[in-house]
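Protein chains: 2
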Amino acid sequence: MKSTPSKIQPRFRVICGRNIAIGPGKAELLEHVQSAGSISEAARRMGMSYMRAWKLVKTMERCFTKPLVKVARGGAGHGGAELTENGRQVLELYRKMETESLKATAGTRRRIPRLLAT
Amino acid sequence: MKSTPSKIQPRFRVICGRNIAIGPGKAELLEHVQSAGSISEAARRMGMSYMRAWKLVKTMERCFTKPLVKVARGGAGHGGAELTENGRQVLELYRKMETESLKATAGTRRRIPRLLAT
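Chains as they are written, first to last, in my numbering: chain A, 66 to 183; chain B, 66 to 183.
Just chain A, same shape as in the assembly (with noise of 0.2 Å):
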């Protein structure tokens, strides 16, 4: 298997006292609640059950001072969703570091992939 610079990605986790706030599963369960419009289908799109994704979204909420995710109707969420103005600056946020990570560490992640057996 030939090893390629996009094999090595940069991780990114904010911790809030023994939680994670937010790191690479739940910035994608993020966008996809952005784009999906509800934490259910979200879940879908990410092969999780719906409990596992609204118990990631409670665990973001307890961590950020503002809500991150609204939920739009049907009680506990299976209704429609979308991202609050904050849910959508954390995630903003989180990508923008992700991408200043990517960049300032091309030239040394172009030069691991070469000691690696392919």
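Possibly wrong hints are sitting among the right ones.
All copies of an identical chain are treated as equivalent in the list; a pair is satisfied when it fits inside any one copy or across any two copies.
Below are the DSSO-like pairs computed for lysine-lysine, each with C-alpha atoms no more than 27 Å apart in a straight line [as the list claims (entries may be wrong)]:
1. K168 / K123
2. K72 / K161
3. K168 / K135
4. K168 / K120
5. K123 / K72
6. K120 / K72
7. K72 / K131
8. K168 / K72
By construction, these hints were calculated from the structure, which means they are not laboratory data.
Use these hints to put chain B onto chain A, whose structure you have.
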């Protein structure tokens, strides 16, 4: 618990097929081998079994073209061990990636904790 920028760390993983050639744990192990001069002492410092440390080294050796750890004596590695030139280079490039990433994301990493509940 007050959140600080140091709570956000890039965790790079260099993927090699289904394995991780090097990530935060393996980089730390290499560092301990370097400073401790033995795999068993490095394992002890990380609170892992010798067998676990040995398996991590073996996974790294499969992923990289050249050996990373040189066992000085004692057969299966219970004796002294040190990093090879290749091992030092891999560790150096890994730490370089982290440093570059931390530097490039400093501003953004300061903005995220402000959104966290303290």
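Against the structure, the hints:
no. : hint        : in the structure
1   : K168 / K123 : neither (32 Å within a copy, 31 Å between copies)
2   : K72 / K161  : both (19 Å within a copy, 17 Å between copies)
3   : K168 / K135 : neither (33 Å within a copy, 34 Å between copies)
4   : K168 / K120 : neither (33 Å within a copy, 33 Å between copies)
5   : K123 / K72  : between (31 Å within a copy, 20 Å between copies)
6   : K120 / K72  : between (29 Å within a copy, 22 Å between copies)
7   : K72 / K131  : between (34 Å within a copy, 19 Å between copies)
8   : K168 / K72  : both (15 Å within a copy, 21 Å between copies)
Checked against the numbered hints above, the structure violates hints 1, 3 and 4; every other hint is satisfied.
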